[in-house]
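A.B. asks: Here is what each chain is made of, one letter per residue.
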Amino acid sequence: MRTTVSKRKIRDRFVQKVEELSGQKLLACYQCGKCSAGCPAVSQMDILPNQVIRFAQLGLKEDLLESKSVWVCASCYTCNVRCPKGIKIAEVMEAVRQVLLRKRCDHVEVQKLSAEEKAGVPAIALISNFRKFTS
Amino acid sequence: MKIMYYPGCTLKSNAKNFEDSTLCSLKELGVEVEELRRWNCCGTVYSLAADDLIHHLASIRNLIRVKEAQADTVMTLCAMCYNTLKRVNERVKADPESLAKIHKFMDEEKISYQGDVRVRHLLEILRDDITFAVVATKVSRPLKNLKVASYYGCLLVRPKEIGLDDLENPTVLENLFVSLGAHAVDFPYKTECCAAYQTVDKPDTVAERTYHILTSARDRGAEVVAVSCPLCAFNLDHRQKETARKFPEFKKMPILYFTQLMALALGCGEKDLRLDLHYVDPKPLLQEKGFV
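As you go down the protein sequences, you meet chains E and G in turn.
With my numbering applied, the first sequence covers 2 to 136.
With my numbering applied, the second sequence covers 13 to 304.
Bear in mind the hints are in silico, worked out from the structure with no lab data behind them.
Please note: incorrect hints may appear among the correct ones.
Pairwise CB distance ranges, derived in the manner of DEER restraints [to be verified]:
(1) GLU118/E - GLU261/G: 44 to 52 Å
(2) HIS195/G - ASP13/E: 52 to 60 Å
(3) LYS104/E - HIS115/G: 36 to 44 Å
(4) VAL304/G - LYS69/E: 40 to 48 Å
(5) PRO200/G - MET2/E: 28 to 36 Å
(6) ASP140/G - MET2/E: 51 to 59 Å
(7) PRO108/G - LYS86/E: 25 to 33 Å
(8) LEU28/E - PRO200/G: 32 to 40 Å
(9) THR5/E - HIS115/G: 41 to 49 Å
(10) LYS258/G - GLU67/E: 23 to 31 Å
(11) MET13/G - GLU110/E: 44 to 52 Å
(12) GLU173/G - GLY34/E: 18 to 26 Å
To be clear about the criterion: a stretch of chain G counts as covered by chain E if any three or more of its residues have a C-beta under 8 Å from a C-beta of chain E, and this derived list gives those stretches [stated by the list, open to error]:
(13) 167-174
(14) 256-264
Ideal Cβ positions, reconstructed from N, Cα and C, are used throughout, including at glycine.
Whenever a hint applies, use it, and build me the whole structure from the sequences.
C.D. replies: As structure tokens, this is what we get:
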């Protein structure tokens with residue numbers, strides 16, 4: 002895969018938006034990989050948690066917005082509590098989700114869930130899922 | 013001792029076994045419990061986006077209800093409610109500007125909330141106020157020979173400033189089970205995420221996590237896994253159906269709330285355990301051990 006890095010991308014409004022929404026300084030990350038090493042969802046991710054931060058630093062907006070990873074993350078905070086730089090990776094994941102959700106790009110389409118799927122899970126599961134995955 | 017209690021949505025339905033067993037246990041321990049009046053959903057998850065204040069309102073309203081009841085502490089059972097209420101509370105305490113904005117959305121509330129309610133989990137009250145030594149003296153049916161693995165999941169222990177115990181190696185549940193006469197089994201997956209709300213759109217992911225978590229507990233000798241979150245309980249218990257389908261060698265095992273085991277030890281009756289709400293029937297194991 003060929004990736005082009007440019008000043009234009011790095012200075013894109015998207016990078017600023019992710020920093021604002023997450024409240025994190027992306028450049029604090031020095032890519033040690035501790036977050037990815039402990040993430041329980043990593044086997045289902047196309048971009049590893051440390052790469053999510055790296056891509057966000059470099060403004061690789063399309064790759065992030067199309068990635069499965071942010072929807073596989075369940076905000077368990079294992080990465081956050083282990084990061085030696087104190088970066089809240091889960092908040093960065095949330096920021097990328099929010100960029101999409103705020104444009105009404107829902108990950109879960111409530112009307113497409115069957116009656117059995119909705120009735121088969123407790124309220125706590127439905128409410129938290131819709132809070133995280135719908136606008 | 014009297015405690016104000018916030019149940020949350022699932023404690024009144026799928027997790028009625030969690031609520032009933034807690035109320036019976038606390039009665040046996042001589043603690044008076046009062047359910048918060050006019051409580052509403054806590055929001056279930058803490059809003060992580062820095063500018064998303066509107067979703068903190070649900071939690072703040074509950075904390076206002078606590079103030080209205082002239083109490084300064086509220087007890088939760090559900091790990092998600094505990095985490096959300098406590099984290100919102102800490103956020104507004106540290107950030108008066110956000111709190112002022114939140115108040116503008118709730119101008120009909122008579123109390124201007126200042127962050128002065130303490131959000132506590134039942135486990136903290138058992139450990140720090142009642143103490144496990146006192147719990148041990150009230151045990152009438154020791155959980156002899158029962159091998160219990162304690163599963164904490166995420167939200168009781170993370171993030172650090174919210175968690176009620178060591179975030180990598182919590183032991184509060186194990187210590188409680190020892191005081192109840194059980195054999196506490198340690199296992200490496202006790203704080204590994206069960207995939208939580210992914211259970212709605214990715215049940216297969218939950219089945220895989222359930223497989224790894226429960227197989228690890230079984231390999232360490234556990235006969236039952238104890239939980240303290242209704243979502244973990246659903247995933248680890250009810251999703252065993254999908255787990256068994258995906259992994260043919262998987263052996264099902266009963267999942268109980270820690271309060272159901274505590275209620276048993278303190279002499280509560282079977283009606284307080286609501287064993288009918290489980291997918292994997294815990295009754296054969298409890299009968300084999302002579303507890304029911």
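A.B. asks: Is 51 to 59 Å a correct range for the gap between the Cβ atoms of ASP140/G and MET2/E?
C.D. replies: holds (53 Å)
A.B. asks: Just tell me: holds or violated, for the beta carbon distance of VAL304/G and LYS69/E against 40 to 48 Å?
C.D. replies: For VAL304/G and LYS69/E the Cβ distance comes to about 45 Å; the hint holds.
A.B. asks: Between the beta carbons of LYS258/G and GLU67/E, is the distance compatible with 23 to 31 Å?
C.D. replies: holds (28 Å)
A.B. asks: Mind checking, does the segment 256-264 of chain G have 3 or more residues with a CB under 8 Å from chain E?
C.D. replies: With 0 residues in contact (Cβ-Cβ under 8 Å with chain E), the coverage given for the segment 256-264 of chain G is violated.
A.B. asks: A range of 41 to 49 Å was offered for this pair. Does it hold for the Cβ distance of THR5/E and HIS115/G?
C.D. replies: holds (48 Å)
A.B. asks: Is the hinted range of 52 to 60 Å satisfied by the C-beta distance from HIS195/G to ASP13/E?
C.D. replies: Between HIS195/G and ASP13/E, where Cβ atoms are some 57 Å apart, the hint holds.
A.B. asks: Holds or violated: 32 to 40 Å for the Cβ distance of LEU28/E and PRO200/G?
C.D. replies: holds (34 Å)
A.B. asks: Tell me if the beta carbons of PRO200/G and MET2/E are separated by a distance inside 28 to 36 Å.
C.D. replies: holds (35 Å)
A.B. asks: Please check whether LYS104/E and HIS115/G have a Cβ separation lying inside 36 to 44 Å.
C.D. replies: At 30 Å between Cβs, range violated.
A.B. asks: Tell me if the beta carbons of PRO108/G and LYS86/E are separated by a distance inside 25 to 33 Å.
C.D. replies: holds (28 Å)
A.B. asks: Just to be sure I understand the hint, the distance between the Cβ atoms of GLU173/G and GLY34/E should be within 18 to 26 Å; is that true here?
C.D. replies: At roughly 25 Å between Cβ atoms, GLY34/E and GLU173/G fall inside 18 to 26 Å, so the hint holds.
A.B. asks: Would you check chain E against the segment 167-174 of chain G, counting CB to CB pairs closer than 8 Å, and say if three or more residues qualify?
C.D. replies: holds (count 3)
Going through the hint list in order, the structure does not satisfy hints 1, 3 and 14.
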